[in-house]
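So in the UniProt record's numbering the end of the sequence shown lands on 333, straight run, no missing numbers.
Simulated from the structure, these hints should not be mistaken for lab results. Among the hints, erroneous ones may be present.
Computed cross-link-like contacts, DMTMM-like style, restricted to lysine to aspartate or glutamate with a CA-CA straight-line distance of at most 20 Å [unchecked claim]: (1) Lys256 to Asp287; (2) Lys158 to Asp108; (3) Lys174 to Asp150; (4) Lys158 to Glu74; (5) Lys174 to Asp225; (6) Lys283 to Glu267; (7) Lys256 to Asp309; (8) Lys296 to Asp190; (9) Lys256 to Glu312; (10) Lys127 to Asp108; (11) Lys253 to Asp225; (12) Lys84 to Asp94; (13) Lys315 to Glu260; (14) Lys283 to Asp181; (15) Lys256 to Glu317; (16) Lys283 to Asp225; (17) Lys174 to Glu124; (18) Lys253 to Glu317; (19) Lys11 to Asp108; (20) Lys158 to Asp181; (21) Lys256 to Glu313; (22) Lys84 to Glu100; (23) Lys253 to Glu312; (24) Lys174 to Glu157; (25) Lys256 to Glu267; (26) Lys253 to Asp181; (27) Lys256 to Asp223; (28) Lys127 to Glu88; (29) Lys315 to Glu267; (30) Lys84 to Glu74; (31) Lys283 to Asp190; (32) Lys296 to Glu267.
Distance ranges between label pairs, derived from CB positions [stated by the list, open to error]: (33) Thr205 to Glu100: 32 to 40 Å; (34) Leu227 to Asn184: 15 to 23 Å; (35) Leu10 to Phe203: 20 to 28 Å; (36) Glu100 to Glu267: 28 to 36 Å.
C-beta: ideal position from N, C-alpha, C; glycine also.
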Amino acid sequence: APKLPREVALKAHWLSVDGVQPSIPDNPAPLSRDQQKEECVDPSVALKKASQLKPNQHQKNQMEMRAKPLATHELSVEQQLYYKEMTEACVGSDEGRRAEALQSLTYDPGLHVMLPRVCTFISEGVKVNVVQNNLALLTCLIRMVRALLDNHNLYVEKYLHQLIPAVLTCVVSKQLCGRPDVDNHWALRDFAARVLAQICHNFNTTTNCVQTRVTRLLSQRLDRDRLPLASCYGAVTALCELGPEVQRTFLFKRFKLIGERIRVYFETPNVSTHKTLLTAADKSAADRIQQLLLNKLPHTLSTSRPIPDVLEEYKTEFGYLGPGLHSGIQLFV
1 APKLPREVAL
11 KAHWLSVDGV
21 QPSIPDNPAP
31 LSRDQQKEEC
41 VDPSVALKKA
51 SQLKPNQHQK
61 NQMEMRAKPL
71 ATHELSVEQQ
81 LYYKEMTEAC
91 VGSDEGRRAE
101 ALQSLTYDPG
111 LHVMLPRVCT
121 FISEGVKVNV
131 VQNNLALLTC
141 LIRMVRALLD
151 NHNLYVEKYL
161 HQLIPAVLTC
171 VVSKQLCGRP
181 DVDNHWALRD
191 FAARVLAQIC
201 HNFNTTTNCV
211 QTRVTRLLSQ
221 RLDRDRLPLA
231 SCYGAVTALC
241 ELGPEVQRTF
251 LFKRFKLIGE
261 RIRVYFETPN
271 VSTHKTLLTA
281 ADKSAADRIQ
291 QLLLNKLPHT
301 LSTSRPIPDV
311 LEEYKTEFGY
321 LGPGLHSGIQ
331 LFV
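Given only the sequences and the hints, what does the whole structure look like? Please build it.
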């Protein structure tokens, strides 16, 4: 039998409070995304609107005694309370409240007023917590970035200069947690890499060249002689997320270099240093890098090289990783 339809329900919400439409999901957005973009690109639009609202001399004389100076980016008491509750919930320990706050960030059309403050909160939060190796809070902050990107009512491009460094920090930072040999900071690096790819795909233009600048930074990171293996993993997973063309351009020619860096941890299992913790962490990082490359890149490699695939050629061109890549490609032949 077909399911019964849902019962009709009524929900009340405020259309206006003291003559002002409240910024809630039930009401239309005060400013559309196109209007936000127009005011960001051409400030004269906002000035023109303000000039149209200026009273004439007679009205000005009547209002002079009761007029209050306007503060730039001033938030109402309700908006300040909402901002406080939302940010506390996003980084708090209550998963239920966090889910509600992230849902609000994803769908609320009235957030553009406090968007500068939210982006600053994320940027400063990453700076503080990466120093304190607070993995949980860093993950919460990147989830906030993802929620803002998914909110189609917001014009986020104006704040990429704050969001991209925060996300990149969680991708390539040397250490994101207190116990890198035990804690799963790899999940945060993978998640931040996907968010970074989303930013590049959504906002890259011939004017800002976001993806070009990001790929240049990541590839330069890989070319460093003493790059920590955890940072190497982050750079590799971010380049993988940016698509096959980026993989061909920036990763294929670095296979040999990356293979030489991780080979020692497999050919010499008992690597001894004066810091056992770092040894265990580096061994784990080397294993993660190898699995990442052998899982994600053979398909792209199979479409970029002529058939047949000769094992000796792979060993010569890709070094230590050659046999593994050759075995992976055979699955696509």
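### Agreement of lysine 84 and glutamate 74 with the hint, judged by alpha carbon distance not exceeding 20 Å
This hinted pair holds, its Cα atoms lying about 15 Å apart.
### Query
Holds or violated: lysine 11 with aspartate 108, Cα cutoff 20 Å?
Given pair lysine 11, aspartate 108 holds - Cα atoms ~17 Å apart, limit 20 Å.
### Query
lysine 296 and aspartate 190: Cα distance at most 20 Å?
Since the Cα atoms of lysine 296 and aspartate 190 sit roughly 13 Å apart, the hinted pair holds (cutoff 20 Å).
### Query
If you draw a straight line from the CA of lysine 174 to the CA of glutamate 157, is it 20 Å or shorter?
Not OK: lysine 174 and glutamate 157 at ~28 Å, beyond 20 Å, violated.
#### Entry: Distance restraint between lysine 315 and glutamate 267, which requires alpha-carbon spacing of 20 Å or less
Holds, at roughly 16 Å.
### Message
Quick check on a hinted range of 28 to 36 Å for glutamate 100 and glutamate 267, using CB atoms only.
### Response
For glutamate 267 against glutamate 100, whose Cβ atoms are near 51 Å apart, the range 28 to 36 Å is violated.
### Message
Please verify whether lysine 256 and aspartate 287 have alpha carbons no more than 20 Å apart.
### Response
holds, 16 Å
### Query
Is the straight-line distance between the alpha-carbon of lysine 256 and that of aspartate 223 20 Å or less?
Holds: lysine 256 and aspartate 223 sit about 12 Å apart, inside 20 Å.
#### Entry: Given hint aspartate 181 paired with lysine 253 - CA-CA distance at most 20 Å
violated, 29 Å
#### Entry: Pairwise hint evaluation, glutamate 267 against lysine 283, where the allowed Cα distance is 20 Å at most
holds, 11 Å
### Query
Is it true that the CA of lysine 174 sits at most 20 Å from the CA of aspartate 150?
violated, 28 Å
#### Entry: Pair hint lysine 253 and aspartate 225, alpha-carbon separation not exceeding 20 Å
holds, 16 Å
Going through the hint list in order, the structure does not satisfy hints 3, 10, 20, 24, 26, 32, 35 and 36.
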